[in-house]
Every structure is written in C-alpha cells, then in structure tokens.
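Participant: Combine the two chains into a complex, taking the hints into account.
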Amino acid sequence: MPVLKEMIDVITMKSDRPVRRLVGYYLIVALVVAVLAYFFPIQIARIAAKGLGDVPEGPTVLTDALSSSPTASVSFGPGSLFDVALTTVMILIGALVLILPVTWVYMSARPSGGQHNQNVVQTLIFLPIVVAGIVFIVQNSLALAFSLAGVVGAVRFRTTLRDSRDLVYVFLSIVVGFSAGVQSLAVGAVISIFFNFVLILTWHYDYGRNMLMPTASAQWSRPLQALASPTGDHQIPDRDLILSLTPANAAALADRFSRVQKAVGSKKKKPRFDAILTVTTDKVPEAQVQIEEVLEAMTKRWSLDEIVTNTGKPSEIYYLTRLKKSVPRDLLLTAIHENAEGLIASADIETGAVEEDDKGKKDKTDGVKA
Amino acid sequence: MTSRRWLVLLLCAMPFVAACDDTPKARAAELQKLAAARKDSLARRIAAAAATPDKAIPLAMWIMPPLLREISGLALTSRGTVLTHDDNSGRVSEIDPKTGILVKSFSLLGNQKEDFEAITIAGNEIYLLASDGKLFKFREGADGQQVSFMMFDTGLGKLCEFESLAYQADSTRLLMACKRSLGESAPKDLIIYRLPLPLKRESITAIQVPLHDVIGSNLWKNFRPSDMTIDPFTKNIVIIASHEKGLVVLTPDGDVVRSEPLPGDHQQAEGVAITNDSLLVISDEANVKPAAITLYKWRPQ
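Chains as they are written, first to last, in my numbering: chain A, 63 to 432; chain B, 111 to 411.
Bound-form chain B, shown alone (with noise of 0.2 angstroms):
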C-alpha cells in the first residue's frame, strides 16, 4: 500500500516538476539575453580592436557542435547570420556569427552524402558545391526539415577539384575557383570558372590569373583556394587557401588586389564570408582544435 502511495504521487508530482522545465517561452527569453549579452561583448572587444588596426586580434571564436566538426564553406544570408555544413553531408545549419547561436539545421532530401565542399546564396536559392563540381540547388528549410534539391553537374569535375563557391550578385553568377587540376599538363595558374544564372554548360566561362601574380610577395609555393566569397563593399572576390593559410582579393576581372597571410592561427580554414558590417568570418575544421568559425575585423584596403 505504501508503495502504491508513493507511485501515485509521483505521478502527481510529475506536471509540476514539467511546469519548471524551461518552457518554450522561457528559453527563448533566456536566449535573447544571452544573445544581448553577447553581442555587447563584441561590441567591447571590436572597440578593443579598432584601437590596434595593425593587429589581427579575433573577436569571437564559436566552437562547432559535434554534428559540424567537419564543418566547410559559409554564406552570408540577408539576415546577417550565416548558413555553414558538414563536409559529407548535405546538412546545413544557421549560426549567427555575432552571438554563436546555433538557429536551426536542415539536411537535403534523403540526407544526401556527397564530399559537399562550398555553400553559397544567389536570392532565394542555396547552392551547395560538391568538389567533384556537382551543384545542389534547393530553398532554405525549418529545423529539422529535409528540403528537396535540383542538381546540376558543371562537367568541370573532369578538370578540377573544387572547394569553393560563391555568388556575384551584380552579374547573377556563380564562380567556381578550381583548387587543384586534374590535367597534367593543366596550368598551375589560379583559374575561376564563372557560372551566368541560370546554370548552363554552354555559357560557363573562366577567369585566369597567374600565380606569381596570386603569390606576390609571400613564401607560397602555391595557391589551392578552400572557400571564397565577395566583399559586400567594394565587391571584390575574396579568397582563403587553407593549406597555405593565406587570403587573396581579386577584383571582379581577375586583377589581384591584395595577398597575404590569414589573420589568426587557423589549423584548416574551410570557410569564408564577410558581413555587411565588416566582420570577417572564416571557418575551421576540427584538426587539431576542435572545428569553430572565428571572427576578425574586416578591412577592405
């Protein structure tokens, strides 16, 4: 008898202890505050920063959840947060950079598994790379929510191995820096495929820029890029190489405005945006360290 007292109340007593579980409402209060909390914090530290423009100092570094430790390319979406994935499979999640609030993650129908390398926005539409050229065009899901896709194979995987993706909004295209040639007598030059909206074999052109002129005055021997993305002020294309942890700015034609070393200590820098108030963000991959995206002052010049 007393047993089944106590089993009754134990049930009674379940509602109430679920009426203290963190209710919906109450974490998402819970979550503004952090957010707010955060985002002075990075207030102060980008004041700290602007006092010393010569050094690269990181402002924020967000370690990646388990399900992102091979997290690759980045995209800035309008709302300032940035869309990010896992290099095998076509889950992609929403952080927002300025807080390290993981928003929500969406995966592409069937939880394709392709070695997906670069994500990019061109309007409502995502494009996600896989390194052997294929392109997967689908709309950004719910959480938890598995989107349907269109892919498109570029034909360049026979040429190339890709790593990056990025969209140039003023000519809708979509450009393609190949990292490694699969040619043997293919140039060792850096070659940008661009890709005009809508996606058609016939009218993918390339861009080539020659590597001493990549190169300048660094010690790279070469110059493979992982990511790339546009600058939103002067729409320059902005390109990381992880391997030579190194940071080139072309302009749209191909002329080379700047190179040279990542800021930061980055083990393996998979991904690259930069923010509408000139946050530079570059993603790394678990090596190492533990995969995080690290946020810098953004300087144009």
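One chain only, chain A, in its complex shape (with noise of 0.2 angstroms):
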C-alpha cells in the first residue's frame, strides 16, 4: 500500500484532493490493465467482458464424457484447471481494486463529523470477493443457484446499517462482486469508478440539501426561543430544566449563555447582531479580505464567528453581522459575491428571528394605515 500511496502522490503532486486522488488511482489501475492487455490479452478479455458475449475465444477443448484417463482431461483452454485458477484469481484481484476506492470514498465523504462504521468499510471490501466467487460457481447453472440461495440465505445479512447511504455502498459492492462473477468486470469498473465520481461530487457540493427548509441552526434555535419566551410564559417549565440538566451542564449552559449575551448585546437595546452570513471557500485569507471590505461598507457591524476548515471540499466561514436597513439581503450578497469574485464558492445570509418580528410588526401596522 505504500507504494500504491506513493504512485498515487506522484501523479497528483501530493494533492490531497480526493477527485484528484480517485483519478490518480484510475489512472494506476489503467496502466496496469493495459500492461497485462499487452502480455495476457485473452486472459484480460475473459475477466474483462466475457459476461458480455462476444469475446472470442479461439479454440476450446471440450470436455470427454466418456474417457476417463488422464490424457483425456482438458489441459488447457477455458475449462481446464489452470484456466479456471488463473480467472478465479483475477477476478477476485478485479473485484478487490475495484472496490477499494469505493470504500475510500465511503470514509471521505462523510456528513460533517460524521464517522465512518468501519465494519461496513470491512464488509465493503469482504462483499465482492464473496459475491463473486458465488456468481462465478453458480454461472448457468440454476440447480447450483437454489442451493447457493438456500445457504446464503440461512446465514443472512441482517446488520442494521445506521445510515441508509451505506446500504448504497453494500449494493456497489454487491454489483462488483457481480460484474466480477460473471466476467464483466469492465462494466463493474464504470459503475464504480461512475459511482465515486458522482458520490464525491455530491459530498463536495453538499448536495440534497434542501432550501426552503429551516437550517440545522434554525432548527436548534426553535427549544432556545421556547426557552426564551419574550412573553414571560415559558414553554419549558423550570421543574423540566433541572430534573434534564446535571449541574456540569447547567454550569456549562450558562457560561455559553452568558458569551452570547454579549454578543447580542445588553437589554433594552436592539440585538447587536440579525444575521449570519456563510461564505464557503477554498482559500480562505484572499476570500476574508474581500469580504470583510464589503461587510465594512455595507452592514452596521460584523463580527468574525467561525472558520471551519474541510479537507477535500471547501472550507466555511461564519460571520455575525447586523444589516442595514437600507442594504437589502440580496444587494449584500451581490455585493459579496461581486468582490470576491473567483474566491468563494457560495455565500448565504440567514436573517435571525428579531428581524423577522420587526418586519411582522412593519406589516401589522402597514395593515392598519390602510
């Protein structure tokens, strides 16, 4: 794995991206392909594509029903026992550097803090080699494939998986055993390199989540603002709190409290801050200088609250900020977006709930003056 680790790091320039790395990797495997095409052509044509039918084959001696010497036995050619360890054992090599990227991909690409299960890593990488070798013995014969069943199946797959993306990654697993039992590992090939590609994508873009629903912030802030009831009828009787919180807790609440107390700003004033503005980015200086120009101009004040880096997909910045009245929410965004032109990859304002009272209010006595 060293030297896979280093091949790797030379054709990427020790790039830690995993895109860069996935191809890197791809591009290893092609090379090796094509060296063994060049030496073993039939070999690499039946494990490649046979499943698919038109491989041709050249001469193949068929089986003696009747002799029962040695002489007789095939000695080579598809059916010999040479033939078949040598395609056992590339498929099952197929199948395992098939499924190892997936497996890197399935530890990467986790939600943020997110950790792997390496049980299913492990089973992600024992499936194929058990899928195939299964597919590769049953091949054509349906007698042998109920008695496959029946024996698979008594000794079941029965793990619950905590994430239902992970069972995405068992049916990979499953395709590539496949592809590997009947000979076709080519197709398991695309499928899996396809497969990465677009899960790392996915991960990268943060993709599926959805816009018209409340952030996971928002969501958060829903028991603070119970808790917090401007009325004075708390939703979240005290008797609840304390048989809830150890004295740890509550010690560790109030100080967190307390910090942002000051954020927000002492009673009786309007709240120091009303809105979050996200920015992600890959470079993170060049992009705060601009934006902290904009921000500068645009907004009665601003406070950096956060920098979360990420390894492989852009990394965030969080920043406080109270808006002007007279800067709308989209012409500061445009504004942002506009300075920091190349630098950022995506920017998002959430506007908290004491702005959205006062437009409630706005709208209340618009009603009544007309």
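It should be emphasised that the hints constitute simulated quantities derived from the structure, not laboratory data.
Each residue gets a CB set at the ideal place from its N, CA and C atoms; glycine is no exception.
Be a bit skeptical, because a hint or two may be false.
Pair ranges (Cβ atoms, derived) [to be verified]:
1) Ala-146(B) - Leu-148(A): 24 to 30 angstroms
2) Phe-101(A) - Asp-280(B): 51 to 57 angstroms
3) Asp-253(B) - Leu-263(A): 30 to 36 angstroms
4) Ala-207(A) - Arg-249(B): 36 to 42 angstroms
5) Thr-187(B) - Asp-71(A): 55 to 61 angstroms
Facilitator: What follows is the structure, encoded as structure tokens:
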C-alpha cells in the first residue's frame, strides 16, 4: 500500500483533493490493466467482458464424457484447471481493485462530523469477493443457484445500518462482485468509477440540502426560543430543566449563554447582530479580505464567528452581522459575490428571529394604515 | 525505497512471466497433440464397436460449454466438422466431432434473438431455421465475427411449428419437417416441406408420409421431428424425434426405410448429422444431464 500511496502522490503531485487522488488511482489501474492486456490479452478479455458474450476465445477443448484417462482431461482452454484457477484469482483481484476506492470514498465522504462505520468498510471489501465467488460458481446452473441461495439465506446479512446511504455502498459492492463473477469486470469498473465520482461531487457540493426547509441552526434555535420566550410564558417549565440538567451541564450552558448575551447586547437595546453570513471558499485568507471589505462598507457591524476548515471540500466562514435597513440582504450578497469573485464558492445570509419579528410588526402597522 | 525496488522487480519480471505463458504457437501445437490423441482413442473405440455391431455403443461424448447448453441443430461441413447453434441466439459454433474441439464461434449481425431450431449448409451458404418457419441465410464467418444475413419468411409458420432442416444437394432443395401442425383439422401424418433454391414461396411443395408407416412396430403414439439430415451414402432422409426418442429413415420420395429407437440414452436429442466416415452425431440439449454431442457408428442399412 505505501507503494500505491507514493504512486498516487506522484500522479496527483501530493494533492489531498479526493477527486484528484481518485483520478490518480484509476490512472494507475488503467496503466496496469493496459500492461497486463498487452501480455495476457485472452485472460484480460475473459475477465473484462466475457459476460457480454462477444469475446472470441479461439479453439476450446471440450470435456470428454466417456474417457476416464487423464490424457483426455482438458489440459488448457477456458475449462482447464489452470484457466479456472487463473480466472478466479484475476476476478477476485479485479473485484478488490475496484472496491478499494469505493471504501476510500465511503470513509471520506461523510457528513460534517460523521464517523464511518469500520464494519461497513470491511464488509465492502469482503462482500464483492464473496459475491464474485458465488456468481462464478453459480453461472449457468439453476440448480446451483437455488442451492447457494438456500445456503446464503441461512446466514442472512441482517446488520442494521446506521446511515441508509451505507446500504448503497453495500449494493455497489454486490454489483462489483457480480460483475467480477460473470467475468464482466469492465462493466463493474465503469459503474464503480461513475459511482465514486458522483458520490464525491455530491458530498463536495453538499447536494440535497433543502433550501426551503429551516437550516440546522434554525431548528436548534426553536427550543431556545421556547426557553427564552419574550412574553414570559415559558413553554419549558423550570422543573423540567432541573430534572434534565446536571450541575456541570447547567454551568456550561450558563457560560455559553453569557457569551451569547455579550454578542447579542444588553437588555433594552436592539440586538447587536441580526444575521449570519455563511461563505464557502477554498481560499480562506484571500476571501476573508474581500468579504470583510464589503461588510465594513455595507453593514452596521460585523464579527467573525468561526472558520471551519474542511479537507477535500470548501472551508466555511461564518460572520455575525447587523444589517443596515437601507441595504437589503440580496444587495449585500451581490456585493460579496462581486468583490470576492473567483474566491468564494457560495455565500448565504440567514436572518434571525429579531428581524423577522420587526418585519411582522411593520406589516401589521401597514395593515392598520391601509 | 524497498517498496520501489519491489515494484521495479515486478515490472521487470512481467515480460518473463509473459514469455512463459502459452503463446498462440504453443497452444496450437498442444491442441494438435491433443487432437491426435483423441483421434487415436476414437479409432480404438470404433474398432471395439465394430466387434459388437448389434450394440449401439457411444464412441465419444463431448460436453458442451455453457454458451451451447441449449444446443439445437447440427450441420456437417465439407471439412468434416459440424456447425451447431444455441436455441435462443444466432450464434453458430463449429465443432470437430472427432476431437471434441470447439474450433470457432461467430454470430449473426446484431446478435439476433430468435427461437432457432435447426441449421443446414447449402454450398457456400448456411441456413438457420426459426420455429416459426423463418429462414436466415448467411455465409460462414471467422472466430468472433458477426456476419450479415438475409431473412426469408416461408409463410409456413401459420401451418406448422418447425425444428428440423436439411439440404438435399441432388435436388438443391431445403427440407423442413413439420413438428406440430397448428390447424385443428391438420393431419397427424409426417409432413415434409420441400423448398427449392433460390427460395420462393410459390415453389414450395410437400410430401406426406402416413403416421402408421413412420411408427412401424414401435410403441410411439406420434412422431414429432426434432432434426433431420441426409445420409451421405444413400441420400436417404434421416429424422430423429426427441420426444419419442426415435429415428426414422425415409427415401428421398418419402417411403419409410426403417424406424427404430434412438441409440444410447438421450434426454433431449435436438440435432443429428452423419459424417462421410459413417459416424452418427446426435446433439442433446442440457436437461438433467449437461448438453453434449454423442457419436455412434452409422449403419446405413
């Protein structure tokens, strides 16, 4: 494995970007396959596309059903012992070569803070090998297929997976195993390569986050709003808090609330901040300079809250801001995009509850006037 | 650094490993050696069979590879090999029946899927018959090649289901025996359609052989041909029936010469051919037993 890592490093110029490293790996595999195909064209064709049914094989020695003498046994050709052994080894290695990058993608492309399941990783490695073996044995034999279905059914795969996406990896693992088993590794290769890149890109762009739904932070804020209800009718009674919090938890929360209070400002004054600006970028320092220029010019006040550095996908910068009434949210976003053009991947502003309340009051007033 | 050395060593060793691999030349030499050994073995078995002429002893039985598990018709080539095909695909394979070597396979352009039932050779052209009476005409292809073809619908599919096809060189006619008549009032007799070449619907004629003549002294209730061929010695028509496990020999005019049970034990005999050196070749589709072709000594009379 160190050799492989070194070779990938050479090809990707030590880049730590997953897409580049994946491309590097597949280039190495393609090179090795090309070399092997040059020296062993028949064997490679047999495992890469035999299942598709159009690979000429040259003369094939048929099994003699009458003769029991060893001379009549098949000494070479697709049915020979050597060929069966060689083909089996090659399809198993092929399955392993195809599934390795899938496990890397599985381990890397986790949601922020999510941990991969080591059992799943190992299953992904073992499953195609076993499936390939099963399919290779079962091929064209209905009787064997039923027998093996019975045997495999007896030791069912019943692990409950934590993340439903893990199941997709398991399915891919089965696909790779099948493709190896039916000696059509080319199909398995295309599917797994495509799968890997789609998955990496989906993870990279955080695809699937529903823009119409409240953000994670907004969902978190709901219980807090209930806790700090401005009307005083606390929806969460103190007795519940007393039972649910330990002294350590209560102290930590109190500490956190005091920090939040400092940021929010003192009572009877308007909140210090009413919006969160989230920017994703690959070039944090450069983007920061450009964004802060705009914030300085177009907001009442701002404060850098946090920078979350990611590997393989853009880092995130969070700013607390107080928007000017004369500067609408969209105008600010446009200005940020223009000033930091080419430096940022995305920018978004979430307005807080205070602003929404103000807006609600204003709408009410307008209604009275009308 | 050590790992790099291993990698370099591996790359250097690769050509030597490849050199040890069986080259096409070495494979061909080994193939010839095996073919010679099998021919010797067959000659010994033929001699042994000649000593007991009343017994139908199999001289050879070659187990088919997976792609021919639904082997159907057989047709003898001028080289002494037989062409055969899978029931569901237009993939034709050439087998040397004396050595049990699958020489090559080629297929119809676009990997045609039909219910192919029989094959025959007429001069330079090969005909594949589908069960609905369609004939596919094409030339022999090289190993792995896809060959272009012409399809001719005989129109007989409305009358019969077909499984057998043979070429009568003397009269340049294709023969197609009806396996099952589709009309309710259709006769139960054995009907053989004759299609003079070049194919034209209007020139198709038929001969009808009374069923009781075909059955003769056998206990069959019917006779549903699964393949037929022409005896190269007598020019008689030899028909086999899988269901009845029977063999019938007719003169070119349709008179029954003999009808008898098939030699050996055949689960599903789908193809028949007779070689110029008196070998009866019968192909069996996989059915309990694996697909195979079996050789017997052919006795024309």
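Participant: Evaluate each hint against the coordinates.
Facilitator: Here's how the hints hold up against the structure:
no.	hint	verdict
1	Ala-146(B) - Leu-148(A): 24 to 30 angstroms	26 angstroms, holds
2	Phe-101(A) - Asp-280(B): 51 to 57 angstroms	53 angstroms, holds
3	Asp-253(B) - Leu-263(A): 30 to 36 angstroms	43 angstroms, violated
4	Ala-207(A) - Arg-249(B): 36 to 42 angstroms	38 angstroms, holds
5	Thr-187(B) - Asp-71(A): 55 to 61 angstroms	59 angstroms, holds
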